[in-house]
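Between the sequences and the hints, there should be enough to build the whole structure, so can you do that?
Protein chains in written order, with this note's numbering: chain A, 1 to 501; chain B, 502 to 825; chain C, 826 to 1158; chain D, 1159 to 1455.
Within a straight-line C-alpha distance of at most 27 Å, the following computed DSS-like cross-link-like pairs (lysine-lysine) qualify:
| hint | chain 1 | residue 1 | chain 2 | residue 2 |
| --- | --- | --- | --- | --- |
| 1 | D | Lys1452 | D | Lys1441 |
| 2 | A | Lys393 | B | Lys819 |
| 3 | A | Lys391 | A | Lys339 |
| 4 | C | Lys1157 | A | Lys339 |
| 5 | C | Lys1157 | A | Lys308 |
| 6 | A | Lys80 | C | Lys953 |
| 7 | A | Lys162 | A | Lys108 |
| 8 | C | Lys1157 | A | Lys268 |
| 9 | B | Lys619 | C | Lys1157 |
| 10 | A | Lys122 | A | Lys178 |
| 11 | B | Lys536 | D | Lys1342 |
| 12 | B | Lys819 | C | Lys953 |
| 13 | D | Lys1441 | D | Lys1288 |
| 14 | A | Lys122 | A | Lys109 |
| 15 | A | Lys268 | B | Lys619 |
| 16 | D | Lys1441 | B | Lys651 |
| 17 | A | Lys391 | B | Lys816 |
| 18 | D | Lys1353 | B | Lys536 |
| 19 | B | Lys590 | D | Lys1452 |
| 20 | B | Lys619 | C | Lys1095 |
| 21 | C | Lys1095 | A | Lys137 |
| 22 | A | Lys339 | C | Lys1095 |
| 23 | B | Lys816 | A | Lys393 |
| 24 | A | Lys162 | A | Lys80 |
| 25 | C | Lys953 | B | Lys816 |
| 26 | A | Lys339 | B | Lys816 |
Treat the hints as calculated values from the structure; they're not laboratory data. Note that the structure is predicted; figures quoted are calculated from it, not measured.
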Amino acid sequence: MTDPVLRLEGIVKTFPGVRALDGVSLSVMPGEVHALMGENGAGKSTLMKVLGGIHQPNEGRILMDEKPVVMAGPLEAKAKGIVFIHQELSLAEELTVAENIYLGELPKKSFGRVDWATLFSKTDAILKKLNVGFGAKTRVGSLSIANQQMVEIARALTVDAKAVIFDEPTASLTDAEKVVLFDVISDLQKSGVGIVYISHRMEEIFKITDRITVLRDGQYQGTVETRETDEEKVTQMMIGRKLDLSRNASHHELGDVALEVRGLSCGKLYDDISFDIRRGEVVGFYGLVGAGRTEIAETLFGLRDPSKGKILLDGEEVRLNSPSDAIARGISLVPEDRKGQGLVLGMNCRDNMTLPQVDDLKAGPFVAEGAEVAIFDLYRDKLDIRTPGWKQKVGNLSGGNQQKIVIGKWLSMKPSVLIVDEPTRGIDVGSKSEIHKLLRELAAQGYAVMVISSEMPEVLHVSDRIVAMYSGRIMRTFTSEEVTEDSLIQAISGIGGDKAA
Amino acid sequence: MATLTKQKIGSVLAKQGILVAFALFIIAFTFANPKFLSVDNLFSVIRSSAILGIMALGVTFVVISGNLDLSVGSMMSFSTIVVLDLHDKIGPFLAIPAMFAMTLCLGAFIGFLVGYLKLNSLIVTLGMLSAIHGLTLTYSGGKNMDIADKEGTWFSVFGQGTALGIPVPILIFLGLAAVLGLVLARTPFGRKVYAVGGNGTAATFSGIRRARTVFLCYVMSSACVAVAGLIQASRSLGSQNTVGQGLELEVLAAVILGGASLMGGSGTIFKTVIGVLILGFIQNGLLLLGLQFYVQFVVTWVIIILAVWLDIAAKRGKLWSPIA
Amino acid sequence: MQPGALSDALKKGAIWGFIVLELIFFSVAGEYLSLSDNAFMDYENMLLLLKQSAPIGIIAMGMTIVMINGNIDLSVGATYAIAAIILLDSMTWPIFAGLGDWVIPVAWLLALLAGTMLGALNGIIVWKTGVDAFIVTLGSMLGFRGIVFMFNGENPTSHLNWTLVDFAEAQVLGLHTATWFLAIVTLVLWYVMTRTVHGRNAYAIGDNREAAVNAGIRVGPHMMINFAIIGFLAALSAVVFYSESGSVNPNDGQLYELWVITAVVLGGTKITGGAGSVIGTLGGVIAIQLLRKGLGHIGADTSTVNLVIGLILIAVLVLDRQLNVKGKEELKV
Amino acid sequence: AEHGPFKIGITQNNVGVDSYQTTYEQAFIAAAEENDMVESVVLDAGGDVARQIAQVEDLIQQDVDAIIIWPTNGEAVIPAVRKAHQADIPVIVTNSNIAEQGFDFVASFSGPDNITQGARSAEIMCDKFKDMGIEAEARVVQISGQPGYTTAIERAKGFEDRLPEVCPDVTLVETQPGDWNREKSQQVMEAFLVKYDDIDGVYAGDDNMGVGALNAAKAAGREDIIFVGATNFSVGYEAMEAGDYWGSIYQSPVDDAEAALQTAIDVLNGEDVPFLNYFDTPKITQDNMSEFTKPVF
Ligand SMILES: Nc1ncnc2c1ncn2[C@@H]1O[C@H](COP(=O)(O)OP(=O)(O)OP(=O)(O)O)[C@@H](O)[C@H]1O
Ligand SMILES: Nc1ncnc2c1ncn2[C@@H]1O[C@H](COP(=O)(O)OP(=O)(O)OP(=O)(O)O)[C@@H](O)[C@H]1O
Ligand SMILES: [Mg+2]
Ligand SMILES: [Mg+2]
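Structure representation (structure tokens):
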């Protein structure tokens, strides 16, 4: 039997107030894709950061080729052949794609000059392999999030890696790019690289991985062969119970039209958009990245001025000039980019959650802190947010728990129209189904819900109707009865799909 | 158990590193010159720190909201000159509100540029530093401004009076610090200031009117400057056009020494007060030791860096920076 | 031409457009308001403009790279004064008595060395303590100034060496010595920032420090090198200027940091780092010098100069903002 | 040989920093406007040597007939002055002189004698102590002008050299700069008062700072201190009227400016002017102040 390329033994890592890792062990074989799974905040990213030299473990050791090593910093980790593709984008936006891919190891000529010829030719080769639509000299800041993620992934191909860590690489990718990513992974695999793959998406896990290691609350739960297990068993290991995946079929009565959009256009971003959402209805918006869904949501939230068209709330035409206008009219938006748009990372959990209503929670001239804590506690329990307390800085929460804070923030506004943009990005299966259930419940209580998602199962699962978009236009609207995966894919690719009323 | 107390001490240090540093300086100076801790001297230091301190209170808001204000020094000169000039022309009762109105207009102008037009605050306030200086010179014709009847005016009360045995500037400073401290820590407005400075985009997405918040911070800052100008004018009942020159950097140093981050989103009024007092006591302490002013420069340098270093080292639990 | 290319070009060229505006304005206004029979845009006058831009300009080049790197240096004015004192004082040191005019290069070297060391000192403190560069250099602005006064109390330090003055006043191929230095510094730094690994890493660090750290770039040494460079350039600026003037007041260089930063930002460098160029900075420096010179040319008085310079700075920002508006559909944040 | 009015350029040190310089500028402009034979270009270096040198270059480039310079640094401007000299433009130095090395390139100096002023202040102080009979044990503190400025240095030197000559037993216990700034001076004095229980006299580099120190003393209730300043400002004059402030040196910026302009005109007219053209700056004390009009600045 071959030796593992990489072995972690009894790793313990604590942060003030949190025991993030509690004696975790893991081994990765050459040519193996090893899945690391667990709920939000289970410690997956932390474990990988220990491996990548970003955090130092309090206890335990790391072995490469069965020899103990110390990862004193990212530099050492990289030198030892460990490539880390981060969960959060880690790019320099003003630099070119090529410079970002080779960040920290630009090819050199004499006197420290950059060898541009080599840099660009190497990058072009990688980009070709990845089959992306941008060039080596493109400025990274001008790329969409998905393409930025591809740049990040391209880094895995620059060095002769012994092990590559992918921390939720697909969270912001669409299907086309996923295919490319999986090709990349299988190439790496063939050349004997050990791969750690973190994801909350079961179908991916079962498609590409060989073994699965599960963490729960920082503790090692066990490792299983992918072939010998199934979703249900893994889920049980992760969350300690079974998951009810059945669709909430309660068919409540639909109310009046809460939100109506007529002929809305905004420059080149989208054109002639018309739809309506009734109280009690969940409308899913599905499309490829760049289809313009986020921009519609932003317009509805007063963040963009439409160039044409009308927005009607409860039958009354409104002008929304700012988010505070929109909020005053009962619209909530869970934005797509939680770090950039959703959270003030340096603020504590409670203050983040109550931010939009801080003007209303008053005791005399002061903020009513008691009421705030009550709101926080309510949604912490409802959404199962893992944090040592409301005083914790949001920036110290795991990615998924951060997302839950954003969702809680907007649910607590008790909106009449709730818009959620990629609501479950980076959220674990357990919580995901909780959120889906919640969205359905909210609708049942009479909210109008607009769900933007790039995950087909999600859209199919929660929506009463699905709007398919392609390049700034609505191609077709499906009801949940008539929709099929194939017709949906056709509609969002711009093929056929005559525009339905 | 032992580790627990150690941890506790560690976390106290981490939270109040700057206070600990402050205490150390005081002890050291007192050993060097026992007069340092005399009531007279304490009052004298706090009183002369009051003007700088009041400006620092306003600038704390601006800095937490993620911006800078380099115009406070020259704005303070402006307020001082204006109130002195108007004192003799329309009497102190009208002069004070008129001066406040004019100063607030300047603050509102800056707030408009930085908040609503979203211009870079460093350059805007740098430009205003120069422009307001020009304005002051135009207003005064470049002359010193003096009150004619220095003995007879009640106007001197703000700078020279005492109440309950405490000099009025100290009372104003501490009173204002308490009020603004509450505003920042406890009111919705304060919360918004932190949010806007911490992540302006996210604040906007949360329905906070970022432009208005920034605007109000500058207006607050200019109100503080007006108070400082009032005390300054009342203290000496006469002034030259450059009375506030150079104070902007001292004010900023005090705010930063107090631990506010220039990136915005963090800092407190209490800490700013500590920062102001540290600067004041350093200057005074060194003066009492009879050191040449240039030695004071060098010592202040070392102390500023040591204090801030100690503060952040305690927070991260490591002396040396993790930067590779 | 691609759509948006024009506005792109305008954006990049905003500062140069502003310079052209200034030239036109002062030429026209000068016809009416100036005593001088010579036109403002006289060739000799433009050569002088470049020369007079050198003291601030050379330092501004250093500030550009430090700011691109995500730091700032407020101590340059004091470093400038220290280097000037060393330059002038060392020429009178007895150990160099035998050197004759060969003392000049030695004095230059000493001054440059001192500047580089002081810059590196700032860099090391920023690197090793992790204290923000703004605070570190705010402190050393004071501290270095204190050191200046330690040399000679409150008195100026002087040493007039006419050989040196003649060299500094010379014109080679039409350009003044100081202009040559400014041009060479600009070119070299442009090359360093766009073509070398150090330059590109500096951009990356300023753009996203965490990403740079994650990618294994050694952030500290790069920052220190840039601080050393700005120290060197502050000293070079002093060397060029004081070779010609021969005496330094202990207050010299005060407020230079503010003018330098203004020039750099006017030239389009992002205050948070990651973007900017030394060529843009050159534009910023020239724009400021032109403004000062032009206001003198048309006879504005002190209070007007202050008022106008301040308001123009703001006006340039407003203009820049207008050019950068992407369109009505832009996200309103 | 010249026709038409003379074009005279002036580059001043730092206008707006105090009333003296401002009044000087205004007086200069007024005098030049009144005189049909003169057109003036008035520039201000803002205290920055580099800017001043650039201004001299600009004036040369503009072909003015004469340049008046109020040096920011008495030595640093010498090469610039030489350039003007080489371009056959006469240079007149005003207010504070340039160093001897530059004398060859300068037509004349017009201004006060700051060393003498410092010396006179020492004499005023000493005479008063003798009147009071405390010349054997009096203790004095000095608040000097902005570090690095020629005027500040010269006045301090004049005072420090002269005091032991006239009153050998008076001790100068400490000197700190007040930066020509009333507020700064007040702070410095506050610290002095805490530090020294016995202060008999204060010498301030100008009345602005002197009055700042006086304010500090009044606030602390220390009534018996003798204040002597220089450059009698109107605040100083008033304080003398009120009996709080003992004496100063009477120096008029209007005289200063007019003298400079006249010297320039004389030089251009080819008249013989003395190289060191000091205008008189007499002592003023509570005793003789009625002989002087109140300063306008
Ligand atoms: N720098 C830090 N300071 C304090 N606590 C931290 C820090 N980093 C992580 N944690 C805590 O450690 C725990 C594990 O976080 P980690 O990011 O590893 O979770 P994860 O398994 O990657 O979750 P997700 O699936 O949501 O990304 C969380 O409770 C988190 O709050
Ligand atoms: N291929 C592309 N090239 C350049 N910019 C793009 C491209 N695709 C999208 N963008 C821009 O990137 C931004 C963010 O992309 P994103 O994928 O979130 O768009 P979106 O319309 O919200 O898509 P989605 O429908 O997935 O929400 C959008 O403003 C879009 O204009
Ligand atoms: Mg994670
Ligand atoms: Mg989107």
